[in-house]
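Trainee: When you get a sec, could you build the whole thing from the sequences and use the hints?
Quick note: the sequence shown uses the numbering used here, first residue 1, plus one each step.
Some hints here could point you the wrong way.
Claimed, not checked - Simulated pairs of lysine to aspartate or glutamate, EDC-like, Cα-Cα distance not exceeding 16 Å:
1) K9 / E26
2) K22 / E39
3) K9 / E39
Because the hints were derived from the structure by calculation, they are not lab data.
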Amino acid sequence: FRLAFNYLKVREYNEAIEVCHKVLTEHPDYPLIQTEILERACSALRP
1 FRLAFNYLKV REYNEAIEVC HKVLTEHPDY PLIQTEILER ACSALRP
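Mentor: Below, the structure is given as structure tokens:
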């Protein structure tokens, strides 16, 4: 969670998304990372 959040802070959205996907494959019952980081990173990539 912290690694993905730090990537989000420095605007490395692709790296943050990759970390989120890796965490969700290992721990699918961890919805906080999906709402807090994954959705924000995806919305930042879209124009």
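Trainee: Next, verify each hint and record whether it holds.
Mentor: For each hint, the structure was consulted:
1. K9 / E26: violated, 23 Å
2. K22 / E39: Satisfied, since the Cα-Cα distance of roughly 15 Å is no more than 16 Å.
3. K9 / E39: holds, 14 Å
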